[in-house]
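Student: Same order as they appear, the protein sequences are chains R and B.
Under full-length UniProt numbering, the letters of the first sequence match residues 1 to 419, in that order.
Under full-length UniProt numbering, the letters of the second sequence match residues 1 to 419, in that order.
Simulated from the structure, these hints should not be mistaken for lab results.
Any given hint could turn out to be false.
Which copy is meant is left open, so a pair is good if it fits within one copy or across any two.
Lysine-lysine pairs mimicking DSSO-like chemistry, simulated, CA-CA at most 30 Å apart [stated by the list, open to error]: (1) Lys354 - Lys5; (2) Lys279 - Lys179; (3) Lys179 - Lys289; (4) Lys409 - Lys5; (5) Lys279 - Lys409; (6) Lys289 - Lys409; (7) Lys5 - Lys279.
2 protein chains.
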Amino acid sequence: MPLMKSWVASANDANHPFPLNNLPYGVFSTAGTEERCGVAIGDMILDMAAAEEAGLVTMSEIPVFDVPYWNDLMDMGSEAWAALRARLTGLLAEGSAEQSAVEPLLVPMADATLHMPFAVSEYTDFYAGRQHAANMGAILRGSPDLPANWLHIPIGYNGRASSVVVSGTPIHRPNGQRKAPDAEMPSFGPSMRLDIELEMGAIVGTPSEFGQPITVDQADDMIFGYVLLNDWSARDIQGWEYQPLGPFQGKAFGTSISPWIVTAAALEEFRAPTPDREKELLPYLDSTKDGLFDIDLEVLMQPEGAETASVVAKTNYNRMYYSAAEQLCHHAIGGCGMNVGDLLGSGTISGPNKGEYGSLMEVSWAGREPFTLDTGETRSFIEDGDTLTLRGNARGDGFTIGFGDCTGKILPAVAWPAK
Amino acid sequence: MPLMKSWVASANDANHPFPLNNLPYGVFSTAGTEERCGVAIGDMILDMAAAEEAGLVTMSEIPVFDVPYWNDLMDMGSEAWAALRARLTGLLAEGSAEQSAVEPLLVPMADATLHMPFAVSEYTDFYAGRQHAANMGAILRGSPDLPANWLHIPIGYNGRASSVVVSGTPIHRPNGQRKAPDAEMPSFGPSMRLDIELEMGAIVGTPSEFGQPITVDQADDMIFGYVLLNDWSARDIQGWEYQPLGPFQGKAFGTSISPWIVTAAALEEFRAPTPDREKELLPYLDSTKDGLFDIDLEVLMQPEGAETASVVAKTNYNRMYYSAAEQLCHHAIGGCGMNVGDLLGSGTISGPNKGEYGSLMEVSWAGREPFTLDTGETRSFIEDGDTLTLRGNARGDGFTIGFGDCTGKILPAVAWPAK
Numbered sequence: 001m002p003l004m005k006s007w008v009a010s011a012n013d014a015n016h017p018f019p020l021n022n023l024p025y026g027v028f029s030t031a032g033t034e035e036r037c038g039v040a041i042g043d044m045i046l047d048m049a050a051a052e053e054a055g056l057v058t059m060s061e062i063p064v065f066d067v068p069y070w071n072d073l074m075d076m077g078s079e080a081w082a083a084l085r086a087r088l089t090g091l092l093a094e095g096s097a098e099q100s101a102v103e104p105l106l107v108p109m110a111d112a113t114l115h116m117p118f119a120v121s122e123y124t125d126f127y128a129g130r131q132h133a134a135n136m137g138a139i140l141r142g143s144p145d146l147p148a149n150w151l152h153i154p155i156g157y158n159g160r161a162s163s164v165v166v167s168g169t170p171i172h173r174p175n176g177q178r179k180a181p182d183a184e185m186p187s188f189g190p191s192m193r194l195d196i197e198l199e200m201g202a203i204v205g206t207p208s209e210f211g212q213p214i215t216v217d218q219a220d221d222m223i224f225g226y227v228l229l230n231d232w233s234a235r236d237i238q239g240w241e242y243q244p245l246g247p248f249q250g251k252a253f254g255t256s257i258s259p260w261i262v263t264a265a266a267l268e269e270f271r272a273p274t275p276d277r278e279k280e281l282l283p284y285l286d287s288t289k290d291g292l293f294d295i296d297l298e299v300l301m302q303p304e305g306a307e308t309a310s311v312v313a314k315t316n317y318n319r320m321y322y323s324a325a326e327q328l329c330h331h332a333i334g335g336c337g338m339n340v341g342d343l344l345g346s347g348t349i350s351g352p353n354k355g356e357y358g359s360l361m362e363v364s365w366a367g368r369e370p371f372t373l374d375t376g377e378t379r380s381f382i383e384d385g386d387t388l389t390l391r392g393n394a395r396g397d398g399f400t401i402g403f404g405d406c407t408g409k410i411l412p413a414v415a416w417p418a419k
Numbered sequence: 001m002p003l004m005k006s007w008v009a010s011a012n013d014a015n016h017p018f019p020l021n022n023l024p025y026g027v028f029s030t031a032g033t034e035e036r037c038g039v040a041i042g043d044m045i046l047d048m049a050a051a052e053e054a055g056l057v058t059m060s061e062i063p064v065f066d067v068p069y070w071n072d073l074m075d076m077g078s079e080a081w082a083a084l085r086a087r088l089t090g091l092l093a094e095g096s097a098e099q100s101a102v103e104p105l106l107v108p109m110a111d112a113t114l115h116m117p118f119a120v121s122e123y124t125d126f127y128a129g130r131q132h133a134a135n136m137g138a139i140l141r142g143s144p145d146l147p148a149n150w151l152h153i154p155i156g157y158n159g160r161a162s163s164v165v166v167s168g169t170p171i172h173r174p175n176g177q178r179k180a181p182d183a184e185m186p187s188f189g190p191s192m193r194l195d196i197e198l199e200m201g202a203i204v205g206t207p208s209e210f211g212q213p214i215t216v217d218q219a220d221d222m223i224f225g226y227v228l229l230n231d232w233s234a235r236d237i238q239g240w241e242y243q244p245l246g247p248f249q250g251k252a253f254g255t256s257i258s259p260w261i262v263t264a265a266a267l268e269e270f271r272a273p274t275p276d277r278e279k280e281l282l283p284y285l286d287s288t289k290d291g292l293f294d295i296d297l298e299v300l301m302q303p304e305g306a307e308t309a310s311v312v313a314k315t316n317y318n319r320m321y322y323s324a325a326e327q328l329c330h331h332a333i334g335g336c337g338m339n340v341g342d343l344l345g346s347g348t349i350s351g352p353n354k355g356e357y358g359s360l361m362e363v364s365w366a367g368r369e370p371f372t373l374d375t376g377e378t379r380s381f382i383e384d385g386d387t388l389t390l391r392g393n394a395r396g397d398g399f400t401i402g403f404g405d406c407t408g409k410i411l412p413a414v415a416w417p418a419k
């Protein structure tokens with residue numbers, strides 16, 4: 001599909017992240033106004049609460065957009081999702097008869113503050129990047145061999161929904177327990193190995209029933225949209241705590257997501273296959289659709305006071321071994337009920353080549369190979385004041401589907417115990 | 001404190017689980033009525049929505065009891081919790097001037113259906129029983145040695161809130177991946193090692209701030225109350241999936257809780273110390289109060305068609321190594337925000353003696369020592385149609401603080417893939 005032209009001129013630039021082909025969903029406020037739903041179009045945000053109030057968009061008798069989350073719309077089901085997308089496309093397309101009614105409801109993005117676009121019900125994080133799993137094995141256990149279950153199960157663990165924050169929220173370096181390999185006892189204090197994980201997040205828009213499994217194709221239909229996701233990780237805390245029950249406090253202090261939900265509908269034409277299976281998957285993981293998406297991804301790092309950010313990694317979401325739909329199917333296979341607003345992190349996305357590694361643990365090979373930023377400074381892990389940014393773009397025929405930056409600055413650890 | 005006498009006669013029996021000293025909080029309905037808050041007193045339930053409507057209990061201008069959860073009351077803070085308890089004690093005490101006004105608002109428990117007493121925000125499960133950890137090590141790894149971190153960290157993992165159901169909810173045996181040690185490939189199908197875990201659940205009633213740690217004493221004050229908790233576990237699924245990120249589908253198909261929230265206030269006089277520390281804890285885990293409670297616990301098993309249930313284990317919550325307050329403090333220490341309605345499972349409670357083991361994995365020593373029920377049948381794990389029940393009682397001076405049974409029946413696995 002080529003660029004769909006909008007009467008919002010800025011949306012028609014081939015490199016702009018928010019053309020009419022995209023129409024991502026966010027929550028915004030302006031000075032002195034309440035948080036409400038909005039749709040990005042070029043440099044503007046369509047105020048959905050105002051559009052609903054004006055009768056331009058009517059989804060239900062009860063307002064669904066004058067709230068600080070898109071969960072109510074998700075809850076209406078996939079036919080409503082399609083109807084809304086069609087209606088918005090009509091309102092914002094070049095030649096729309098309703099341009100004069102809609103134009104006053106556009107808010108310059110520059111005047112807006114963006115908030116969490118949805119209420120996270122539960123958050124699950126996966127481990128579905130083959131190169132990342134091999135790298136971590138090589139770094140931590142001296143062998144790139146995968147765990148025995150890895151080629152059979154989309155391995156995941158439950159994360160902490162209360163840790164999920166919108167891009168721009170600063171994150172305190174966490175305190176916690178860590179133990180050096182040669183130390184006799186653990187100590188308590190700020191993490192000294194603070195890291196990121198470059199991930200995509202899939203948002204469940206259709207629930208499943210408690211006690212009932214789903215297929216991969218059903219799971220694919222249940223996904224409302226995607227965000228960029230930075231699974232901030234304290235490697236020293238994680239390394240000491242994770243046996244035998246998995247990551248806990250090493251992952252609980254912050255998980256940043258990009259502010260715009262890019263809908264599954266907008267990504268449809270960027271579908272990409274999962275790679276050839278090294279071991280045949282069990283039949284419950286069969287599917288009929290390509291479950292990955294061709295989305296270029298970047299990690300950038302900017303020290304305090306630096307004028308520009310340095311690119312630390314570039315890769316693509318199509319590097320993953322398991323798709324979000326496969327992960328969601330596996331998540332529900334034993335009868336676990338999935339709910340509107342559940343967030344599934346893909347796992348760290350690392351391509352096969354150096355330069356494609358989605359965590360600093362891999363980029364600096366656990367600190368054995370520090371890397372150099374454009375400023376000349378070197379890094380192994382994150383230092384206080386550093387800002388980390390994830391960026392994602394799907395490149396179409398004369399247009400770009402962008403996600404908006406997923407960014408976060410690291411603040412010093414809280415002094416603790418308080419004196 | 002001795003038995004506090006109520007004008008509800010059934011509440012004055014020394015063995016009744018719901019005397020005036022208890023006043024646990026639940027959610028109930030009767031035929032043709034909506035779910036609403038209620039308080040157990042003897043064989044009756046005080047209809048809190050009706051009491052609020054009648055002006056007998058006023059917590060806020062907005063009704064807080066005509067809803068199917070106690071979260072709104074929790075949200076009002078600990079002074080409100082104390083005020084409500086004092087008011088209810090006054091209304092229901094022998095000699096109350098308001099007996100005639102309250103009496104019509106009592107509903108026989110026999111006529112009521114009990115529902116989830118609160119909305120679970122997030123669910124975390126711990127691993128804080130020393131004997132259980134040693135038993136599992138001996139069974140699974142051939143050695144009772146604890147993991148290196150175990151005596152330093154209250155080890156926990158994030159569970160799945162959507163799996164939490166109220167006592168009485170039947171649970172389907174889960175399907176999932178499992179692999180026999182000598183099999184080359186995993187297979188898919190119903191769990192063949194279905195188990196329980198006897199636990200207590202602590203409910204967070206006061207939130208903590210994202211990015212900010214808390215002390216153990218603060219954590220203790222944040223706990224609103226306790227329930228019995230059965231962390232149903234599929235040992236074969238768990239065994240194959242849990243490396244390296246911990247339990248996932250092996251624990252996601254159901255977690256049963258008892259229907260009444262026994263408040264921290266009601267348990268205050270049953271406080272018990274944690275055992276002597278084998279290794280000194282880091283100072284952030286210091287506290288000034290005894291964090292455990294002297295609560296007798298039982299596990300019962302009843303096969304389909306059997307007339308009575310057999311006692312499978314008897315132990316006490318004071319057998320734990322870590323308290324719920326220590327667990328909650330550790331949970332927030334890196335800045336993880338804790339919210340009203342968060343549920344913390346204690347971890348399996350097993351005492352040092354055989355007969356005190358809180359999981360069938362331990363009782364049957366992984367199936368190597370099947371046990372015999374009163375019916376003469378033997379078991380290693382749970383069979384379809386079996387009903388498992390947890391029971392808890394704190395024994396006071398002439399009264400009992402009970403929780404109400406935490407029960408669940410296992411139904412056959414769902415046929416999958418659907419033909």
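Student: So which of the earlier hints does this model not fit?
Tutor: 1, 4, 5, 6, 7
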